[in-house]
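Residues per chain, in single letters:
Protein chains: 2
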Amino acid sequence: MDQRIYDHAEVLVDWSARIEAGDDVVIRVDDGAHDLAVAVAERLGDRGANYLATYISDEVEAAFLRGHDADFEQDPDFELAMLERADSVLSLRGKSNVAEEASVPGGRRSAYKKSRTGIKAARLDTDWVATQHPTRAHAQQAGMGYAEYKDFVYDAVLRDWESLADEMANMKDLLDAGSEVRLVKEGTDLTMSIEDRTAVNSAASVAYGSHNLPSGEVFTAPEDPEGTVHFDVPMTHNGARIRDVHLTFEDGEVVDWSAEVGESALGDILATDDGARRLGELGIGMNRGIDRFTDSILFDEKMGNTVHLAVGRAYGSCLPEGEEGNQSAVHVDMITDVSEDSRLEIDGEVVQRNGRFRWEDGFEG
Amino acid sequence: MDQRIYDHAEVLVDWSARIEAGDDVVIRVDDGAHDLAVAVAERLGDRGANYLATYISDEVEAAFLRGHDADFEQDPDFELAMLERADSVLSLRGKSNVAEEASVPGGRRSAYKKSRTGIKAARLDTDWVATQHPTRAHAQQAGMGYAEYKDFVYDAVLRDWESLADEMANMKDLLDAGSEVRLVKEGTDLTMSIEDRTAVNSAASVAYGSHNLPSGEVFTAPEDPEGTVHFDVPMTHNGARIRDVHLTFEDGEVVDWSAEVGESALGDILATDDGARRLGELGIGMNRGIDRFTDSILFDEKMGNTVHLAVGRAYGSCLPEGEEGNQSAVHVDMITDVSEDSRLEIDGEVVQRNGRFRWEDGFEG
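In order, the protein sequences belong to chains A and B.
By the count of the numbering used here, the first sequence reaches residue 597 at its end, each step adding exactly one.
By the count of the numbering used here, the second sequence reaches residue 597 at its end, each step adding exactly one.
Hints may be right or wrong, so weigh each one.
To be verified - What follows is a set of in silico ranges between Cβ atoms, one per label pair, in the way DEER data are often shown:
#1 R575/B with S335/A: 53 to 59 Å
#2 S395/B with D383/A: 57 to 63 Å
#3 S395/A with D303/B: 31 to 37 Å
To be verified - Derived EDC-like pairs: lysine to aspartate or glutamate, alpha-carbon spacing no greater than 20 Å straight-line:
#4 K352/B with D307/B
#5 K345/B with D307/B
#6 K345/B with D290/B
#7 K352/A with D303/A
#8 K345/B with D278/A
#9 K345/A with D278/B
Stated by the list, open to error - Now the stretches of chain B that chain A is said to cover, found in silico as 3 or more residues with beta-carbon under 8 Å:
#10 264-277
#11 289-297
#12 305-311
#13 378-385
Just so you know, these hints were derived from the structure itself, not from any lab.
As the structure is a computational prediction, the values presented were derived from the model and not from experiment.
Using N, Cα and C, we set each Cβ at its ideal position, and we do this for glycine too.
With the rest of the complex left out, here is chain A (with noise of 0.2 Å):
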């Protein structure tokens, strides 16, 4: 196998889950991901852990649906009770075809989703982490030959994370200690507050409260966005395609909205709910392995040099005890690029120009 495989269990079992000895660990391998299953197994092995190899295949899972009338049973217990017991959950994505949901009936799907809020709540209830194992599917949703969507992968993920951590210490104590940040590039003159508001230094590793890898971003829970904002970064919703997207914010809220591509499928986030029309994050993606958009919000919203800001819910972890922050059943996010002609401002100071942060080599303030 390619020595990246086993360099990229190593990155998932001992930096980003912290796996020790004794640790109960469930391995949820993807149809396409055995050659990583087999190189976790020898790592978890390795590190005298428990592991129980679950099989997340969309064709196996899109037949049950298809056969099922719908009146589906909530939180089976057998499934509940293991995960209750897990330490931690790896779940290893790797996908054969990646429009095989396309398959099950319309509503089943988000059915049997809601039966099983109790087994996801306990999913995440571990030390889980959530990772990309590159199969030809996914090479073709990303535009890439295959070859060349391994190295994208292996990019992303083998980075020096302990060093990486520390660079995005220096944002996380920026955005900790400021109160405004704005957003300046072409089409885009955003403010929002970050009053009281706890950045997370999101490194790949349940130790900083991280649970992709790869990650390499810093996020926030902004309020009160006023301006306008372009996104200029594609994205896919739900199965729609959706480009430059220009959202007009006041008083906290979307007032105008359009996008170039899917403004229906754009116009149906923000009427989820109130809290559809507020932010719920700001993220700095940091993570320079990735220099490309892949269509995979796992990969895009690291990016280095893009901001992205969600509509929708916020992250309790950003907020201050006993603050709620927005609130919304959906989370969207949405990605600009700021590696020229912009900047990035907290309380007036330019932290981010161009790309560069004011730490760097290169930075003009």
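Given chain A, put chain B in place with the hints provided.
Here is chain B on its own, set in the frame of chain A:
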């Protein structure tokens, strides 16, 4: 997909496992059994059952065992809790490489197995069924082309089980009523007691106390064998080929033995413990869909026109209340062809001659 895969799933879920609405069903998906898992999931959905798929890969397990220092935790709680709550466990066998275990350091696999005896017991305490999906690796093991092997598997699995169960009931009735069995063919003249024993009509359904698909044998627990027997169907035990075994019994114990191939492996089996030199099982193979040896005990022992005997442990279901039967760490089946120049007698009456049963056309008493 091949329609026979859907038919296989239907037999497994409906006839074999008797799945009902609300059942918690674990499907153990071997790394080569994906297609069968898809068909089984659809059928489980149709029945209104719940499913959890686990991934059974010798490659993943071997990697784990290679990494581990072999000090295994006894019956990890998260897996045990899941199996204790499951109603059924369906093992969908179908390996990508039947020789994968060779990559594990000696002794480590048996230490791992010993650490999982409680997990195994919990699995065997459910309505479990083991079946076989045809893969190229199993075709290779059988020495057959892939298309031909698929025909072989589906001929064995897709039977009219209800009518075969009725036919096998004849043999069960004869064994239950009888006191002594005698098997006679060239190189074989063996008598054994079946007094007070109860035969199992193994009709590939949990409703018959049968947990294999395919099945198609009637078996009981004989005692006090006297005489000689020649097993002319080859076998593989723990990776060793064994052929043309001759055993001589006196006072119920093996006193003389030989094998043309694998004599030392045979010696190891018989030297395991005292019970390994006594009989644990007499089985009458009645599945004529299985017409050849394929080096897989799941199929071989059910072959029509064969009789098998096992040295070692007896099955409790064949024994009178309160009787322990033969005890041993092993249970090793050996098979003899009875299609020609042979007869099986119960209490002096011929019940099978040259492969024909007494209730069949062409039977010559």
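So, going through the hints one by one against the coordinates:
1. Between R575/B and S335/A the CB atoms are about 56 Å apart, so this pair conforms to the stated range of 53 to 59 Å.
2. The hint said 57 to 63 Å for the Cβ distance between S395/B and D383/A, and at roughly 60 Å that hint holds.
3. Distance hint check: the CB atoms of S395/A and D303/B are about 35 Å apart, consistent with the given range 31 to 37 Å.
4. A threshold of 20 Å between alpha carbons decides the hint, and for K352/B with D307/B the separation of about 9 Å falls inside it, so the pair holds.
5. Between K345/B and D307/B, the direct Cα distance comes to roughly 10 Å. Compliance with the 20 Å bound is thereby established for this hinted pair.
6. With a C-alpha separation of about 13 Å, the suggested pair K345/B and D290/B falls inside the 20 Å cut-off, and the hint holds.
7. In summary, the hint linking K352/A to D303/A is supported, as the alpha carbons are separated by about 19 Å, within the 20 Å threshold.
8. A hinted pair counts as satisfied when its Cα atoms are at most 20 Å apart, and K345/B with D278/A qualifies at roughly 18 Å.
9. About 18 Å separates the Cα atoms of K345/A and D278/B, which keeps this hinted pair within 20 Å; it holds.
10. With a cut-off of 8 Å between beta carbons, the stretch 264-277 of chain B has 9 residues touching chain A; three or more are needed, and the interface restraint holds.
11. Counting residues of the stretch 289-297 of chain B whose C-beta sits closer than 8 Å to any C-beta of chain A gives 7, which meets the bar of three, so the coverage hint holds.
12. Counting residues of the stretch 305-311 of chain B whose CB lies closer than 8 Å to any CB of chain A gives 5, so the stated coverage by that chain holds, three being the minimum.
13. Proximity of the stretch 378-385 of chain B to chain A, defined as three or more residues with a beta carbon under 8 Å from a beta carbon of that chain, is not established by the 0 residues found.
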